Amino acid sequence: MDLLGLLTDYTLRNVLLGAALLGVVSGVLGTFAVLRGQGLLGDALAHAALPGICLAFLLTGSKAMPVLLLGAGVAAWLGALLLLWIVRQTRLAQDAALGIVLAVFFEFGLTLLTVANRRPDATQAGLDRYLFGQAATLVGENVIVMAVLAAIALLATAAVYKELKLLAFDPDFGSSLGFGVGPLSVALTTLITVAILIGLQTVGVVLMAAMLIGPAAAARQWTNRLSTMIALSAAFGAAAGVVGALISASASRIPTGPMIVLALTVIVVGSILFAPARGVLPEWWRTRRAAPETPA
Amino acid sequence: MSSLSVILLTGALVAAACALLGSFVLVRKMAMMTDAISHAILPGIVAAYFLAKGPNLIAGFVGAAAAGLLTVAFVEALQRSRKVTKEAAIGIVFPALFALGVLITSRFFADVHLDADAVLYGSIELAAEDLLLVGDRSLGPQALWVMGGLLLVDLAFVLLLYKELKLATFDPALAASLGFPPVWLHYALMAMVSVTAVGGFTAVGAVLVVALFIVPPATAFLLTDRLPRLIALSVLLGVGGAIAGTLAAFALDTSVAGAIASVTGLIFGLALLFSPTQGLLRRAWRLAAQLPRLP
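These protein sequence lines are chains C and H, in that order. Quick note on my numbering: the first sequence kicks off at 1 and runs consecutively. Quick note on my numbering: the second sequence kicks off at 1 and runs consecutively.
Here chain C stands alone, though its shape is the one from the complex (with noise of 0.2 Å):
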């Protein structure tokens, strides 16, 4: 197929929608996530949406995307309060505390779905279509939800953004200002949890962790500005999702979620190495450079 064919293929048109929008949604968010030491949070969440999608069905008995997103975010949300609460409240560590959450919350949620597996009307619900990412079932109506949730992701950003930057960079004082931590913290969980809503049915639960961390993760390489690293992170994010979905309609038998985490994966590792400023290569090559002569 042409590249004119692929762009005009209905389906695939599609699945590039749904991939750069979630590369585009979750480099914005994941900067944040990132530079609060969060970035993790994305992983736990994704698990965690599994009991409301199943809990979902089971009281609605209704599979339509919206119904069965809105259940979803709803238990990562709540995964995500109970998350911060256990790490505000004992002596856990974030990371036992992002394990437990992760862990019960989609065990808990596999209970469910084999629970909605054996209702007579489900015929294999295909509840887990929501899970695993597969891109090349998006259609147009699954797109246009993402976009809706895409947008008010990105519009809450813009709205709170000075708020969130000081929550990243000094939240001391920025509670000293006058900005309540806790309830910023929660705001941005909330973002967060939008993005993984967009990212469940494109690259699936265990891929989510890639999306967030590895635009915010290559861009930081590039800037030390907030505002530059945001974009920078939005354009990777949507360039992997481009690139993964076109490498994946271009041969059969490549599945679009992890090809989308492997070209994201190839813009960190070139980033990291090459990045003019902080890159490995570069550095190496100006402290060599640096280095006065042996003398002989």
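Worth flagging that the hints you see were computed from the coordinates, not collected in a lab. Quick caveat: nothing in here was measured; it's all calculated off a predicted structure. Ideal placement from N, C-alpha and C gives every residue a C-beta, glycine not left out. Hints may be right or wrong, so weigh each one.
[Claimed, not checked] Distance condition first, Cα-Cα at most 35 Å in a straight line; then the derived DSBU-like pairs of lysine-lysine:
(1) K165/C <-> K29/H
(2) K29/H <-> K162/C
(3) K86/H <-> K162/C
[To be verified] Every beta carbon over 12 Å from chain C, so not counted as near; a handful from chain H, in silico:
(4) V6
(5) N56
(6) A73
(7) L131
(8) L132
(9) F157
(10) A176
(11) F180
(12) P181
(13) W184
(14) L185
(15) R226
(16) A288
[Unchecked claim] Listed next, the stretches of chain H that the computed footprint assigns to chain C, with coverage defined by at least 3 CB atoms under 8 Å from CB atoms of chain C:
(17) 92-98
(18) 255-268
Take the given structure of chain C and dock chain H to it, following the hints.
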């Protein structure tokens, strides 16, 4: 042996092995490394099956251990470069390896039973049906042999290196000056985690392995301050959770892996509220006792 008793025993063995190592992982603040490792061993197993020309138990273990150590090495290298933080390093490395594993599987092994959902969900329900065959003789359920062996190896590891592990965890500088570099112990522990994870994940699924590595030790951490008690309590809570979870799953006719993790989560919740030293109720009580009384 009945199918239920095989499943009960398998679950208990996985839980004990994971809790044993998980206690050290938790106090070393590396809980999320178990998540990374249990996902990243996928490409290692795939590559090993490819080289062994088919699903092969031993090859699978070697491949998994190699992939696990590679994950640790990549994360350490990224971290040491100071270009990204530790948690970002984890989040970059393991999805990349998992993606590679899924890609290779779906491109070259479409017929091999090794898909992403099976990796995450596990299939402990089938533990009694998968028999270990030597020649033509059946030696009983394979999962029991594998997990029993792994538990023994883990136990030997912890008993033999207990003092070293403890020292390297709480005083790495002293450990180094006494002649056992913490880095080696760190890699040894991570290798044990990888091997245990592969045994566990074929039996119960990657996510339940993570739950069993983290949740019982975290619960014990809320209940005691001493390492030996922490380890004993973790193993006890893990095994108890596995047995109670399996029975609950059979009573409610649902997923065994799911029920085991749900029960361990429930126990964690109880400890969170009612722990005599760390519990929220206890702390609220203490706070209330400090409030000035009305005249």
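Could you tell me which of the hints above the structure violates, numbers in ascending order? none
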